[in-house]
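Asker: Sequence:
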Amino acid sequence: GVGTITVPNATANVSVALSLVNIGLCSSPLTLTGSVTTLTFPSVTSLTSNSPICSNLTATFTINGTPNATVTYTINGGTTTTIVLNATGTGTISVANATANQTMQLSNIFDGTCNRAITNAATVVVNPIPNTPTLSPQSDTFCIGENLVFNVTGGANEVILYTVNSGTNQTLNLNSSGTGIISVSNPTTQTVDINLVSITNGLCSKILTVSSDAEIIRCDIPKGVSPNGDGLNDTWDLSGFNVKNVSIFNRYGTKVYSKSNYTNEWHGQSDNSNQLSDGTYYYVVEFNDSVVKTGWVYINR
599 GVGTITVPNA TANVSVALSL VNIGLCSSPL TLTGSVTTLT FPSVTSLTSN
649 SPICSNLTAT FTINGTPNAT VTYTINGGTT TTIVLNATGT GTISVANATA
699 NQTMQLSNIF DGTCNRAITN AATVVVNPIP NTPTLSPQSD TFCIGENLVF
749 NVTGGANEVI LYTVNSGTNQ TLNLNSSGTG IISVSNPTTQ TVDINLVSIT
799 NGLCSKILTV SSDAEIIRCD IPKGVSPNGD GLNDTWDLSG FNVKNVSIFN
849 RYGTKVYSKS NYTNEWHGQS DNSNQLSDGT YYYVVEFNDS VVKTGWVYIN
899 R
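The numbering of the sequence shown is my numbering, which starts it at 599 and goes up by one.
Fair warning: there could be bad hints in the mix.
Cut-off 27 Å, straight-line C-alpha distance, at most; resulting in silico cross-link-like pairs (BS3-like, lysine-lysine) [as the list claims (entries may be wrong)]:
no. : residue 1 : residue 2
1   : Lys821    : Lys857
2   : Lys853    : Lys842
3   : Lys842    : Lys857
4   : Lys853    : Lys821
5   : Lys891    : Lys842
6   : Lys891    : Lys853
7   : Lys857    : Lys891
8   : Lys821    : Lys804
9   : Lys821    : Lys891
It should be emphasised that the hints constitute simulated quantities derived from the structure, not laboratory data.
What you are looking at is a predicted structure, and each value in this text was computed from that prediction instead of being measured.
Modelling step: build the complete structure from the supplied sequences, incorporating the hints.
Answerer: This is the structure in structure tokens:
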């Protein structure tokens, strides 16, 4: 005959000893023994990642569990793959140059004897690197005394480091629409250069090589002189303009007056100190920074 002894939910080794057998009115002592070794299921104790990361970096997953066990997994629902944990029960899986979120799903662990279904999962969130912003002056030229204003467009609430004429880094916080302005007050150079150094969106940064410039010009050269001795516009005043040379021409193109290092010397006279006739004259002004400005000036006594 055959009989079965069942020990449900065994968590430790089980030993069975047979001591007596009965057949009808007869019995006989027994000394038979048997044992079953109960093995522990392998397990995963943790699944961790280096989330979050920036785009194009490496997503890393770390599994801790039963030493030397084989773990079956997928990444983003792709091909089923296995990894063997090392002697300390650790295994690492890397996804290089990740540009989108990476999710690892574990499905099974096997220690050579026992299989166990598992459902551990982890996701590495991949954040985008900021796009390169745009930079442009509101005008290519600005007048002396005006603030120079540059428009910057990027992503919402991004932070930009920039320099003015290669000076120290300054910070610009873009608004929720991704725009901002850089304003330069009282510049001391003829041309102002803005260089964007870097941009960050809170987690990810990007080095920039974006630059733009604007020129400062003399917008307020007097358009006329009235040398009549009344104290109003008696001279052509260019004081503070850092003028290297001034040349005045009549309507026939003949140079009638010139002066180096000009400030405020012309009051409608020619080079030989004769008073020029009332009318319109053409000027060429060369500044110390080599900028040249031309135009018309009117004598009206």
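Asker: Determine for every hint whether it applies to the structure shown.
Answerer: Tested hints:
no., hint, verdict
1, Lys821 x Lys857, "18 Å, holds"
2, Lys853 x Lys842, "17 Å, holds"
3, Lys842 x Lys857, "8 Å, holds"
4, Lys853 x Lys821, "18 Å, holds"
5, Lys891 x Lys842, "12 Å, holds"
6, Lys891 x Lys853, "16 Å, holds"
7, Lys857 x Lys891, "15 Å, holds"
8, Lys821 x Lys804, "49 Å, violated"
9, Lys821 x Lys891, "13 Å, holds"
Checked against the numbered hints given earlier, this structure breaks only hint 8.
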